[in-house]
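So the protein sequences, as listed, match chains A and B.
The first sequence stops at residue 73 when you use our numbering, and every number in between is there.
The second sequence stops at residue 244 when you use our numbering, and every number in between is there.
Since the hints were made in silico from the structure, they are not lab data.
Treat the numbers as computed from the prediction; the structure is a model and nothing was measured.
Using N, Cα and C, we set each Cβ at its ideal position, and we do this for glycine too.
Hints are not guaranteed to be accurate.
Counterexamples of contact, computed for chain A against chain B with all Cβ distances above 10 Å [claimed, not checked]:
{"hint": "1", "residue": "R4"}
{"hint": "2", "residue": "E25"}
{"hint": "3", "residue": "L26"}
{"hint": "4", "residue": "G30"}
{"hint": "5", "residue": "I50"}
Okay, the calculated bits of chain A under chain B, using three or more residues with CB under 8 Å as the criterion [as the list claims (entries may be wrong)]:
{"hint": "6", "region": "13-20"}
{"hint": "7", "region": "52-60"}
Quick list of the computed label-pair ranges, beta carbon to beta carbon [said to hold, decoys possible]:
{"hint": "8", "chain 1": "A", "residue 1": "G39", "chain 2": "B", "residue 2": "N140", "range": "44 to 52 Å"}
{"hint": "9", "chain 1": "A", "residue 1": "M22", "chain 2": "B", "residue 2": "E30", "range": "15 to 23 Å"}
{"hint": "10", "chain 1": "A", "residue 1": "I36", "chain 2": "B", "residue 2": "E72", "range": "31 to 39 Å"}
{"hint": "11", "chain 1": "B", "residue 1": "Y215", "chain 2": "A", "residue 2": "E3", "range": "52 to 60 Å"}
{"hint": "12", "chain 1": "A", "residue 1": "W17", "chain 2": "B", "residue 2": "Y215", "range": "27 to 35 Å"}
{"hint": "13", "chain 1": "B", "residue 1": "E72", "chain 2": "A", "residue 2": "S20", "range": "21 to 29 Å"}
{"hint": "14", "chain 1": "B", "residue 1": "P112", "chain 2": "A", "residue 2": "E3", "range": "53 to 61 Å"}
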Amino acid sequence: MTERLPRKDVVIVGLGWTGSIMALELARAGLDVVAIERGPWRDTATDFNIGTAPDELRYGIRHDTLLRPRRKR
Amino acid sequence: MLEKTRRDVLAGAASVAFASPTLARTITGEEPWQPGEAHPPLAAGPGPLQFLTEREAAVLDAMVDRLIPTDELGPGGREAGCTIFIDRQLAGPYGVNDGLYTQGPFAEHPLPTQGPQNPLTPREQYRHGLAALDAYCQSNFAGRAFDGLSAAEQDRLLGDLQKGAVTLPGFDAKALFTAVHTNAMEGFFADPIYGGNRDMAGWRLVGFPGTRYDYRDVMDRPNQPYTLPPVSIQGRPAWQKASR
Numbered sequence: 001m002t003e004r005l006p007r008k009d010v011v012i013v014g015l016g017w018t019g020s021i022m023a024l025e026l027a028r029a030g031l032d033v034v035a036i037e038r039g040p041w042r043d044t045a046t047d048f049n050i051g052t053a054p055d056e057l058r059y060g061i062r063h064d065t066l067l068r069p070r071r072k073r
Numbered sequence: 001m002l003e004k005t006r007r008d009v010l011a012g013a014a015s016v017a018f019a020s021p022t023l024a025r026t027i028t029g030e031e032p033w034q035p036g037e038a039h040p041p042l043a044a045g046p047g048p049l050q051f052l053t054e055r056e057a058a059v060l061d062a063m064v065d066r067l068i069p070t071d072e073l074g075p076g077g078r079e080a081g082c083t084i085f086i087d088r089q090l091a092g093p094y095g096v097n098d099g100l101y102t103q104g105p106f107a108e109h110p111l112p113t114q115g116p117q118n119p120l121t122p123r124e125q126y127r128h129g130l131a132a133l134d135a136y137c138q139s140n141f142a143g144r145a146f147d148g149l150s151a152a153e154q155d156r157l158l159g160d161l162q163k164g165a166v167t168l169p170g171f172d173a174k175a176l177f178t179a180v181h182t183n184a185m186e187g188f189f190a191d192p193i194y195g196g197n198r199d200m201a202g203w204r205l206v207g208f209p210g211t212r213y214d215y216r217d218v219m220d221r222p223n224q225p226y227t228l229p230p231v232s233i234q235g236r237p238a239w240q241k242a243s244r
């Protein structure tokens, strides 16, 4: 089903480092910006913690850092 | 209220359709996260079995004990807790293929890189696979289950499962072997926080240092064997005793 969303000046797909900076700059310039992002917030100190990052089962085998093709509903 | 018009019904249906939960949500004006939010690994606690039955656990104990036997090199799969590891993994998100795409189309002759080509969850694989193995053993070994066979019989049957040389009733023999073999290896070498690799037995066996913060003190002394004991995500038992 197609859903028509309100018109915006800018749509940013992926709000990572690049997208965030672009979004900030464009919003400061007065444009109406919407960003589309599927992933959760990532934080170096907690998501890439040196005490848990070598966990091969969680990250290397079960791919816990990667976003999953199927999401919980 | 009994006299509902057609318009009321349609309007009601429409509001239900739009009220159904959607995956995306719109965020404006505020940040939807807390500073310092952490997602540490979930520790597999002690206690009773969470998914496997006692019978399944007994058979798995026997299987992992033949895959990694206890010998002069150290504890085997059973002592290292591979069965508990598998139980806790099956009880958790891994057991239901959480987040994995498991719908078709499935390849008839898949490449080795294509992964499992069926919609079965690991839970279903173990439940059906171990039941099929039990039925096979009952009818081929005069009513004895897998854990009642001699070590030589177990080894021969495991080898046949691996090669697909036996046919289990209603389950692929190779798939069962692959699941148990893969998960036993994971349990033997994954961090002890997940219930296996008890006392870091797997790491001691291969000389893996674990999750040491860094190796600066060792790098200052080159060409000497590394002798420090392994460290897990939860530290070392000796450290925990000292802090209590």
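What are the numbers of the hints the structure violates, in ascending order? Those not satisfied are hints 5, 6, 10, 13, 14.
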